[in-house]
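Engineer: Sequence:
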Amino acid sequence: MLWARSPEVAEEIDRRGRNTGYLGDIPLTDGLRATDSLEQAVQDADVLVMGVPSHGFRGVLEQVVSHVRPWIPVVSLVKGLEQVTDHRMTEIVAEVLPGHPAGVLAGPNIAKEVMAGYAAAATIAMPDQNLAARLADLFRTSRFRIYSTTDVVGVEIAGALKNVFAIGAGMADGAGAGYNTKAMVITRAVREMRRLGEALGGDPLTFSGLAGTGDLIVTCTSPLSRNRHVGEELGRGKPIGEVLAGMKQVAEGVKAAPVVMKLAAEAGVDMSIAQEVDNVLWHGATVKDAYRGLLRVAPGHELHGEGW
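So the sequence shown is numbered by the working numbering: it starts at 11 and just counts up by one.
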């Protein structure tokens, strides 16, 4: 059972098998049912899958506490971080639904392409490898490959960071910086992602996998990427308020950027690319300022040096 905040969206999914506001006329899976009642959506669930934006995650979860069955696993699809607390989504689950195993499903998964039947893959991370493998079977289809891992921290951090870096890559697109510049930003972003993720307890290998490099590539390059779109519009000179006002969906990287910088400061990790993106989003810098700032940082050893 799928929950939709809007009764109109729930009715369209339930009766027509479509969600035209987000997926156009792509047909949804036969037999999928939707409701605007949280209680109805979760009361019989064997697995709770959370696909709401990070800023609404805690509030929605708090509403289901009295309706969800004991001990069922909770899988987050959210690639963001909670502002104020700086928490990952699984940390919120641990606070609101203690005792429920919590994990995350992430990877290079543009929704319209998955729904259109193109081959794709993702990683599901749970604290217990056996549970991760069982849940992988639940999500796997003939064209949607699911791998498993126990690195919940790494997968969640990768998912949040790639959105911040995608804004930076989109800024390069909007400013007409060229493919060389964009490739440079993406490649060095992988290093920043790995350094912070490892400092926070993630497995460094995760950041070379589907949830790390894989998701970073698609989010930085796809015209369907919301975060890349934000960066592209900023690169064309639009103010962030105007960019966000013209969007129907959430670009998680906007809210994640200041949280990422706070986590980096606490961990003592230098993140030049993320810092410049945050400066443009929240501190009045221009895209030209951002790229000039990056170019002023002296390069060191590619693999082991400081700076970006």
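Watch out, some of these pointers could steer you wrong.
Claimed, not checked - Derived lysine to any residue pairs resembling SDA-like cross-links, with alpha carbons at most 25 Å apart:
| no. | residue 1 | residue 2 |
| --- | --- | --- |
| 1 | Lys258 | Ser76 |
| 2 | Lys258 | Ala277 |
| 3 | Lys192 | Gln93 |
| 4 | Lys122 | Asp138 |
| 5 | Lys258 | Val59 |
| 6 | Lys192 | Arg205 |
| 7 | Lys258 | Gly184 |
| 8 | Lys192 | Pro309 |
| 9 | Lys122 | Ile82 |
| 10 | Lys122 | Gln93 |
| 11 | Lys272 | Gln93 |
| 12 | Lys298 | Pro309 |
| 13 | Lys192 | Val59 |
| 14 | Lys258 | Ile36 |
| 15 | Lys258 | Glu123 |
Think of the hints as simulated: they come from the structure by calculation, not from any bench.
Engineer: Tell me if the straight-line CA distance from Lys192 to Val59 falls inside 25 Å.
Structural biologist: violated (34 Å)
Engineer: Are the Cα atoms of Lys122 and Asp138 separated by 25 Å or less?
Structural biologist: violated (31 Å)
Engineer: Mind checking the alpha carbons of Lys192 and Pro309 for me, to see if they're no more than 25 Å apart?
Structural biologist: holds (17 Å)
Engineer: For a C-alpha distance cap of 25 Å, please report whether Lys258 and Ile36 respect it.
Structural biologist: Distance of about 18 Å is within 25 Å: holds.
Engineer: Going straight from one Cα to the other, do Lys298 and Pro309 come out at no more than 25 Å?
Structural biologist: Holds: Lys298 and Pro309 sit about 19 Å apart, inside 25 Å.
Engineer: For the pair we were handed, Lys122 and Ile82, check the Cα-Cα distance against 25 Å.
Structural biologist: violated (29 Å)
Engineer: Assess, step by step, whether the Cα of Lys258 is no farther than 25 Å from the Cα of Gly184, and give holds or violated.
Structural biologist: holds (20 Å)
Engineer: Please verify whether Lys258 and Ala277 have alpha carbons no more than 25 Å apart.
Structural biologist: Judged against 25 Å, a Cα distance of about 34 Å means the pair is violated.
Engineer: Given the proposed pairing of Lys258 with Glu123, does the C-alpha separation stay at or below 25 Å?
Structural biologist: holds (19 Å)
Engineer: Within a Cα-Cα threshold of 25 Å, do Lys192 and Gln93 meet the stated pairing?
Structural biologist: Outside the cut-off at roughly 28 Å; violated.
Engineer: Given the proposed pairing of Lys258 with Val59, does the C-alpha separation stay at or below 25 Å?
Structural biologist: Judged against 25 Å, a Cα distance of about 22 Å means the pair holds.
Engineer: For the pair supplied as a hint, Lys122 and Gln93, is the alpha-carbon distance within the 25 Å limit?
Structural biologist: Roughly 28 Å separates the two Cα atoms, so the pair is violated.
Violated hints, in rising order: 1, 2, 3, 4, 9, 10, 13; the structure is consistent with all others.
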